[in-house]
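If you read the protein sequences in the order shown, they are chains F, D and A.
Per the working numbering, the very first residue in the first sequence carries number 1; after that it's consecutive.
Per the working numbering, the very first residue in the second sequence carries number 1; after that it's consecutive.
Per the working numbering, the very first residue in the third sequence carries number 1; after that it's consecutive.
Careful, some of the hints might be misleading.
[To be verified] Reference excerpt, derived from the structure (chain A facing chain F, CB under 8 Å, subset only):
| hint | residue |
| --- | --- |
| 1 | Ser64 |
| 2 | Val65 |
| 3 | Leu68 |
| 4 | Ala92 |
| 5 | Ser93 |
| 6 | Asp95 |
| 7 | Ala98 |
| 8 | Phe144 |
| 9 | Gly148 |
| 10 | Ser195 |
| 11 | Arg199 |
| 12 | Arg202 |
| 13 | Lys221 |
| 14 | Leu224 |
| 15 | Pro228 |
| 16 | Ala229 |
To be clear, the hints were calculated from the coordinates, so they are not data collected in a lab.
Ideal Cβ positions, reconstructed from N, Cα and C, are used throughout, including at glycine.
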Amino acid sequence: MRLFAEPLPARLVWDEGDLVGLLVAGQRHTVVETMRRWRVEADWWKDGVARDYLTLRTADGLVCDVYGDRRTGAWWLQRVMD
Amino acid sequence: MTGPVTLAVVARDASAPLHERLLATLRGALPRVGVLAPGAFACDLAGTDRLLGAPPVVARRILARCERAGAFVSIGIAPAPFVARVLAERTPPGELRAVSDGQSYLAPLSLDTMPLEEKVRDELALLGLRTIGDFAALPRAAVFDRFGSAVARAHALARGEYGDLVRADAPPRRILVRRVWDDAIVSREQLVFALRGAVDEVEALLATDGLAALRLDLRLVREGAAPLRIDRTILPPARESAALLRSLRWALEERDDLGHVTGCALGVVEAEPARGRQIGLFAPDGARWEEAIATARYLRAKLGEGVVLRPRVVDAEARLPERATEWVEVTR
Amino acid sequence: MGSTGLARAIARIEGRYGMHALARGGASERHRDELALPTGTSLDLVTGGGLAAGEPLAFVGPASVGKLSLAFRVVAAAQRTGGMVAWIDPSASLDPLAAVRSGVDLERLVVVRARSAGAAALAASASLRSEGFRLVVVDTGPAFAGIGSDELAPVLPSVRGSPAALLVVSEDRRGGYAPSNPRLVLPTCTFERVSWERRFERTVGWTFEVGGPRGHSPLDKRALFAVPALGAAATDLGRRAGLAEAAAS
Numbered sequence: 001m002r003l004f005a006e007p008l009p010a011r012l013v014w015d016e017g018d019l020v021g022l023l024v025a026g027q028r029h030t031v032v033e034t035m036r037r038w039r040v041e042a043d044w045w046k047d048g049v050a051r052d053y054l055t056l057r058t059a060d061g062l063v064c065d066v067y068g069d070r071r072t073g074a075w076w077l078q079r080v081m082d
Numbered sequence: 001m002t003g004p005v006t007l008a009v010v011a012r013d014a015s016a017p018l019h020e021r022l023l024a025t026l027r028g029a030l031p032r033v034g035v036l037a038p039g040a041f042a043c044d045l046a047g048t049d050r051l052l053g054a055p056p057v058v059a060r061r062i063l064a065r066c067e068r069a070g071a072f073v074s075i076g077i078a079p080a081p082f083v084a085r086v087l088a089e090r091t092p093p094g095e096l097r098a099v100s101d102g103q104s105y106l107a108p109l110s111l112d113t114m115p116l117e118e119k120v121r122d123e124l125a126l127l128g129l130r131t132i133g134d135f136a137a138l139p140r141a142a143v144f145d146r147f148g149s150a151v152a153r154a155h156a157l158a159r160g161e162y163g164d165l166v167r168a169d170a171p172p173r174r175i176l177v178r179r180v181w182d183d184a185i186v187s188r189e190q191l192v193f194a195l196r197g198a199v200d201e202v203e204a205l206l207a208t209d210g211l212a213a214l215r216l217d218l219r220l221v222r223e224g225a226a227p228l229r230i231d232r233t234i235l236p237p238a239r240e241s242a243a244l245l246r247s248l249r250w251a252l253e254e255r256d257d258l259g260h261v262t263g264c265a266l267g268v269v270e271a272e273p274a275r276g277r278q279i280g281l282f283a284p285d286g287a288r289w290e291e292a293i294a295t296a297r298y299l300r301a302k303l304g305e306g307v308v309l310r311p312r313v314v315d316a317e318a319r320l321p322e323r324a325t326e327w328v329e330v331t332r
Numbered sequence: 001m002g003s004t005g006l007a008r009a010i011a012r013i014e015g016r017y018g019m020h021a022l023a024r025g026g027a028s029e030r031h032r033d034e035l036a037l038p039t040g041t042s043l044d045l046v047t048g049g050g051l052a053a054g055e056p057l058a059f060v061g062p063a064s065v066g067k068l069s070l071a072f073r074v075v076a077a078a079q080r081t082g083g084m085v086a087w088i089d090p091s092a093s094l095d096p097l098a099a100v101r102s103g104v105d106l107e108r109l110v111v112v113r114a115r116s117a118g119a120a121a122l123a124a125s126a127s128l129r130s131e132g133f134r135l136v137v138v139d140t141g142p143a144f145a146g147i148g149s150d151e152l153a154p155v156l157p158s159v160r161g162s163p164a165a166l167l168v169v170s171e172d173r174r175g176g177y178a179p180s181n182p183r184l185v186l187p188t189c190t191f192e193r194v195s196w197e198r199r200f201e202r203t204v205g206w207t208f209e210v211g212g213p214r215g216h217s218p219l220d221k222r223a224l225f226a227v228p229a230l231g232a233a234a235t236d237l238g239r240r241a242g243l244a245e246a247a248a249s
């Protein structure tokens, strides 16, 4: 498992409500499965952290965790299984 | 007593000034003096019979000198430093004792005497082993397989093995070696080859004083150009010519144009007592740990802060993955 | 020469040329064992008993196959004998919790986030030349955020004679650009996914196999591992041949 000290900016590609692609570091990966999804909320008494996590599997065998920051709308690649 | 001999000197409850006085006294009388702990010293007497006399004679002289310096010390004489130290610690102040068979001497003593971790000691006790003799009687391979190399080294100590290098704290002596070449050297590879002889000589001088080089100063004399000066830190400190030459080669590779080199002066600017791997026998993994930390500090100096780190788990259940661990700079 | 005289001579030689420079007669077999880092898993069958001091080895395979999981096992093996490990991490992606799950002792781990290839090579070389480490790992990182393994060529001269083994973990850039004359040629263990594990139409894990240095590992001699759940450490399934035999009997 890899946990990036600085998550990488990511973009998700949707097609009619289905997640079909992941863009990271200028490379596009075809998403074949969303394996898990969960939500994390923390520090609600302060500014608060609210993230939607997805574990994705891509056509080239990448299994990774991305999260969407619900406050900013930005997506980040945080973990890669290995 | 023929063969290796160590004379261990122990002064109980020595203050820092007394430790310094004793160190100076011993250095004044003996060629190779190592410091084991505050007030505890190990002196390698190998090969000194003709020069200084038989070890017991030397020991009595040392007792008298230390008394004049203000301390009643205990002296142990044995083939191996560990045995000599244990012996000295069990000898009354102002007296000396000698043993020729280290293993027999250690056998009846309690395992508490050995440098072993408490959990290893507990485990040995569960096996019914309480004395050093019990421990020494175990087959070496079994000890290694069960406990690993650190305990295997302690096992060797228990058998009175390993003559051991003594940690020397000799006074600094200027080490400077010069070379002159009739034909100017223009290629880096040629220069490295030519430096080998000088580096070998430096190694020999370091070895004589029991030192390892921490900093080298290489001055290259060049035709039609100012001398080139290279200051090189050696981490961890080394004595072997291969390691010193490797470091100099890397320094030379960082420079584009060396010019036409006609001579050199190679000096050791800083040195410290050499520590063989055998020093690990006194503190089983101490030497390796220190060298790893020294390397970490070197890399921190080279690469900056926030680069050489050690992670610590602070909350294994943290829901935000980045909060599960903290990262700290490796300083020790 | 008495036994202490012999011991002293050995100690002197070892101090000059390195520990274990002398194989002690019939103990030379154990001597190799003392230098090797066995993980206690089927990986040892593939690596010939474990990584050895002064020798390099590469783990190469696609993303998310299990290279790091086994690399952590090798780290744990090095630490079991009391050794320190340097982990060179240009992509700053070492996951301490995952490491701990695979048996790594964080106290004996030094992580170097050397971001550039040059810095990584410097850190690896210094760690190998030091006598403080038992294992140096260079994790070149994922294809999209790492360094090229070719950039580690300057490190190789530091490996021989080092008391440490060198492990390079690298992603197999299959289908992408591969230099025709790679500068770095290392004994390599190749990782390949065998199958995805699915339950209730969902992928929950996978199995993968590890083959030894090229040309030495027929299909039936590869080591098989399973990742039973996301984030779990890899479990040892044994040798492929062993499983086939068990299934047949």
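Quick rundown of the hints versus the structure:
| no. | hint | in the structure |
| --- | --- | --- |
| 1 | Ser64 | holds (4 Å) |
| 2 | Val65 | holds (7 Å) |
| 3 | Leu68 | holds (4 Å) |
| 4 | Ala92 | holds (4 Å) |
| 5 | Ser93 | holds (4 Å) |
| 6 | Asp95 | holds (4 Å) |
| 7 | Ala98 | holds (4 Å) |
| 8 | Phe144 | holds (4 Å) |
| 9 | Gly148 | violated (15 Å) |
| 10 | Ser195 | violated (12 Å) |
| 11 | Arg199 | violated (11 Å) |
| 12 | Arg202 | holds (6 Å) |
| 13 | Lys221 | violated (24 Å) |
| 14 | Leu224 | violated (17 Å) |
| 15 | Pro228 | violated (12 Å) |
| 16 | Ala229 | violated (10 Å) |
Going down the numbered hints, you'll see the structure goes against 9, 10, 11, 13, 14, 15, 16, while the others check out.
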